[in-house]
Amino acid sequence: MMPTKNFDQRRYAQLFKQMCRIRAFERAAINAKNEGLVLGAIHPSIGQEAAAVGVCENLNKDDILLSTHRGHGHTLSKGADPSAMMLELLGKEGGNCAGKGGSMHIADFSVGMLGANGVVGANINIAVGAAHAIKLKGENKIVVCIFGDGAINRGPFLEGLNWAKVYNLPILFICEDNGYSATTHTKETTAGGGPVVRAQSLGIKAETFDGNDIITVDQAAQDYIERVKKSGPHLLHFLTYRLEGHTSTDPAAYRPDGEADGKWSNDPIARCRNLLVEDGVSAEQLDKFDNEATAEMTRVYKIARDASFPPALDAYKDVQDIGNPQTEAF
Amino acid sequence: MKQMTYLEAGREGLAEMMREDTSVWALGEDLGRGGVFGQYHGLQTEFGKDRIADTPISESCILGSAVGAAMMGTRPVVEMRFSDFALCAVDELVNQAAKARYMFGGQTRVPMVVREPSGLWRSSAAQHSQSLEAWYAHIPGLVVVMPSTPADNRTLLMESIRCDDPVVYLEHKSLWDFEGPVDDGAEILPIGKARVARPGKDVTIVSWSAMFHTSMEAAEGLAAKGVDAEVIDLRTLWPWDKKTVFESVCKTGHLIVVHEAVQVGGFGAEIAASVTENVFSDLKSAPLRIGAPRIPISYAPTMEDEVRITAEQIIEKTLNRVGK
Numbered sequence: 000m001m002p003t004k005n006f007d008q009r010r011y012a013q014l015f016k017q018m019c020r021i022r023a024f025e026r027a028a029i030n031a032k033n034e035g036l037v038l039g040a041i042h043p044s045i046g047q048e049a050a051a052v053g054v055c056e057n058l059n060k061d062d063i064l065l066s067t068h069r070g071h072g073h074t075l076s077k078g079a080d081p082s083a084m085m086l087e088l089l090g091k092e093g094g095n096c097a098g099k100g101g102s103m104h105i106a107d108f109s110v111g112m113l114g115a116n117g118v119v120g121a122n123i124n125i126a127v128g129a130a131h132a133i134k135l136k137g138e139n140k141i142v143v144c145i146f147g148d149g150a151i152n153r154g155p156f157l158e159g160l161n162w163a164k165v166y167n168l169p170i171l172f173i174c175e176d177n178g179y180s181a182t183t184h185t186k187e188t189t190a191g192g193g194p195v196v197r198a199q200s201l202g203i204k205a206e207t208f209d210g211n212d213i214i215t216v217d218q219a220a221q222d223y224i225e226r227v228k229k230s231g232p233h234l235l236h237f238l239t240y241r242l243e244g245h246t247s248t249d250p251a252a253y254r255p256d257g258e259a260d261g262k263w264s265n266d267p268i269a270r271c272r273n274l275l276v277e278d279g280v281s282a283e284q285l286d287k288f289d290n291e292a293t294a295e296m297t298r299v300y301k302i303a304r305d306a307s308f309p310p311a312l313d314a315y316k317d318v319q320d321i322g323n324p325q326t327e328a329f
Numbered sequence: 000m001k002q003m004t005y006l007e008a009g010r011e012g013l014a015e016m017m018r019e020d021t022s023v024w025a026l027g028e029d030l031g032r033g034g035v036f037g038q039y040h041g042l043q044t045e046f047g048k049d050r051i052a053d054t055p056i057s058e059s060c061i062l063g064s065a066v067g068a069a070m071m072g073t074r075p076v077v078e079m080r081f082s083d084f085a086l087c088a089v090d091e092l093v094n095q096a097a098k099a100r101y102m103f104g105g106q107t108r109v110p111m112v113v114r115e116p117s118g119l120w121r122s123s124a125a126q127h128s129q130s131l132e133a134w135y136a137h138i139p140g141l142v143v144v145m146p147s148t149p150a151d152n153r154t155l156l157m158e159s160i161r162c163d164d165p166v167v168y169l170e171h172k173s174l175w176d177f178e179g180p181v182d183d184g185a186e187i188l189p190i191g192k193a194r195v196a197r198p199g200k201d202v203t204i205v206s207w208s209a210m211f212h213t214s215m216e217a218a219e220g221l222a223a224k225g226v227d228a229e230v231i232d233l234r235t236l237w238p239w240d241k242k243t244v245f246e247s248v249c250k251t252g253h254l255i256v257v258h259e260a261v262q263v264g265g266f267g268a269e270i271a272a273s274v275t276e277n278v279f280s281d282l283k284s285a286p287l288r289i290g291a292p293r294i295p296i297s298y299a300p301t302m303e304d305e306v307r308i309t310a311e312q313i314i315e316k317t318l319n320r321v322g323k
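In order, the protein sequences belong to chains A and B. For the first sequence, position 32 matches number 31 in numbering that gives the first Met the number 0, and the numbering has no gaps at all. For the second sequence, position 78 matches number 77 in numbering that gives the first Met the number 0, and the numbering has no gaps at all.
For the record, the hints were derived by calculation from the structure and aren't laboratory data. Keep in mind that a hint or two might mislead.
What the hints assert, rightly or not - Lysine-lysine pairs mimicking PhoX-like chemistry, simulated, CA-CA at most 20 Å apart:
#1 Lys224/B x Lys200/B
#2 Lys134/A x Lys48/B
#3 Lys48/B x Lys136/A
#4 Lys16/A x Lys287/A
#5 Lys164/A x Lys316/B
#6 Lys250/B x Lys200/B
#7 Lys192/B x Lys323/B
#8 Lys60/A x Lys228/A
#9 Lys200/B x Lys48/B
Claimed, not checked - Taking CB as the label site, the calculated pair distances span:
#10 Lys250/B x Lys136/A: 47 to 53 Å
#11 Ala40/A x His137/B: 22 to 28 Å
#12 Glu206/A x Lys241/B: 57 to 63 Å
#13 Asp313/A x His40/B: 29 to 35 Å
#14 Asn265/A x Ala124/B: 52 to 58 Å
#15 Glu19/B x Asp313/A: 30 to 36 Å
#16 Gly31/B x Glu277/A: 56 to 62 Å
#17 Gly279/A x Val89/B: 53 to 59 Å
Each residue gets a CB set at the ideal place from its N, CA and C atoms; glycine is no exception.
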């Protein structure tokens, strides 16, 4: 999309900065992984930042978000502190999840981010329940549930969408479609027309949009969030592309030669940058935003690198109150 | 003092909690019509369709949505219809409900009760009859409750709803019509505390759920043979009341564990092993487990009865063990 005369330069500059922060966070996390400081798997969302930023920018702090194993961008966009996130990725004291979750369970309940999830599609049912509680309590907020294209072939996609429609719950489902179910092209393992027609078959309004165009994502999210507030569940299908592997250590050799190279020209950050340049923002200014994001995440990385691991006996905390293993673990 | 059935007592306990706490609600299939056994009869009239919610046949979403609703500050009571059907929602229970508090570093709690009607029920065959409590006791994060009396079905359900942990609450289908005193001013035992239902000096019989009653029947038969059995109703499997069991075994010197579930890998093995590890020197005989053979449950009564533990079997095996 070209900038129009209504192009809100300040807004998209802000969204550009946010996307740069996600990219910088994940680059720092990948470096930490390569240095052996991140011990578990991380699933970067490089190339998918527009959906995270364009959606979360339209949410209130008390709106609820649930994400996927590829959830750094969503969590940062919802307002989580990147230092606490990086501490968590390194398994350090002060991590959002006290070092118990790592990347795949990143969560910050203080900003309404109810967790990534290590099980594909599992958050769909949990998100539906969060929306159900909002309805029961008569609260004026919504739930956004982000999942990937692989999740539409799991049972919770049918059960959760049906449930949301039956109870008319305030939930926006977002299928962030990067084309791959782990390392297999989703098209090879998916019958029929995909998430939109499946949602429509349940009476849920759904549309496909270019998920790498920040203006499109921003406007679709605004529109659909209003629709959810007025009339219950909706689904957005954002087409994007995972520019790197399933995990940070996956070279993605299964992709056809040249496929990813061609996709870099569709990188949402590069496209947003072009929009801003065309609207008169200087390259120096945009570089400054980018450098600030890198500097922020370098600081975050150093904080995490220098922090301590949690005491071993914290392993016994926060299991359960009744039958608490701090008293009795055997 | 009121006399109630096990089913009525559970219904009363839920209704009391729903009156006391507006964040409590129940969800499951056919609840508006009373639930498959009538455990919810009349509750939708009193509490409305939002708080006694009829759900689609979507076990994964029934349990999974309860996890989300619990994390948002409500207290869902989940009805799974038959414990066997809860297997459609193993991820939601084991990976999500049991883990959320821990893997999010204590940022949240999952205060929910998963009611699973369990156990043998004449000619219900392999998918409507199982006793799977040992699986749940194996999962860190879960509390496992198995009431055997009407009084316990009321108070343990109320305590389970008040609890901030996910509770697997296994009611036995053969006990629905069992009558007993409820709300009789007797001391209310908390979750995790066993009840010495019949004091005795010669042998300790530990059981729970429907098998507790069979064990009590066996104790009377043993008394006629001159063996004074102490019968313990364990009431909850996690946490389980080791202190009461150990003290009893130290007194009697013999341990018999009786459960309806398959004996191999059953919770009786945990109790027998713990007793052996901790009070070995007080044992006069090796602990004995009495459980079902490791075969699926049949439809025909002749074959179904092969997995059914009877008072006669308990009496015979106990007499052999204590050497009388």
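Comparing the hints with the structure gives:
Only pairs whose Cα atoms come within 20 Å are accepted, and Lys224/B paired with Lys200/B is accepted, the gap being roughly 14 Å. At roughly 13 Å between alpha-carbon atoms, Lys134/A and Lys48/B fall within 20 Å of each other, so this suggested pair holds. Proximity of Lys48/B to Lys136/A is assessed by CA-CA distance (about 14 Å); at most 20 Å being required, the pair is judged to hold. For the suggested pair Lys16/A and Lys287/A, the alpha carbons sit about 10 Å apart, so the restraint of at most 20 Å is met.
Of the supplied pair hints, the one linking Lys164/A and Lys316/B is violated, its CA atoms being roughly 57 Å apart against a limit of 20 Å. A threshold of 20 Å between alpha carbons decides the hint, and for Lys250/B with Lys200/B the separation of about 7 Å falls inside it, so the pair holds. Between Lys192/B and Lys323/B the CA atoms are separated by roughly 31 Å; this puts the pair beyond 20 Å, and the hint is violated. The straight-line distance between the Cα atoms of Lys60/A and Lys228/A is roughly 16 Å, inside the 20 Å bound, and the hint therefore holds.
A hinted pair counts as satisfied when its Cα atoms are at most 20 Å apart, and Lys200/B with Lys48/B does not qualify at roughly 52 Å. Against the hinted window of 47 to 53 Å, the Cβ-Cβ separation of Lys250/B and Lys136/A comes to about 52 Å, which satisfies the hint. For the pair Ala40/A and His137/B, the beta carbons lie near 26 Å from each other, so the given range of 22 to 28 Å is met. For the pair Glu206/A and Lys241/B, the supplied restraint of 57 to 63 Å holds, since their beta-carbon distance comes to about 59 Å.
Taking 29 to 35 Å as the suggested C-beta distance range, the pair Asp313/A and His40/B does not conform, at roughly 46 Å. Range check, Asn265/A to Ala124/B: about 56 Å between beta-carbon atoms, so the 52 to 58 Å window is met. A hinted range of 30 to 36 Å holds for the C-beta pair Glu19/B and Asp313/A, which are about 35 Å apart. One distance hint, 56 to 62 Å for the beta-carbon pair Gly31/B and Glu277/A, holds here, with the actual separation near 59 Å.
Gly279/A and Val89/B have their C-beta atoms about 57 Å apart, which keeps the hinted 53 to 59 Å range intact.
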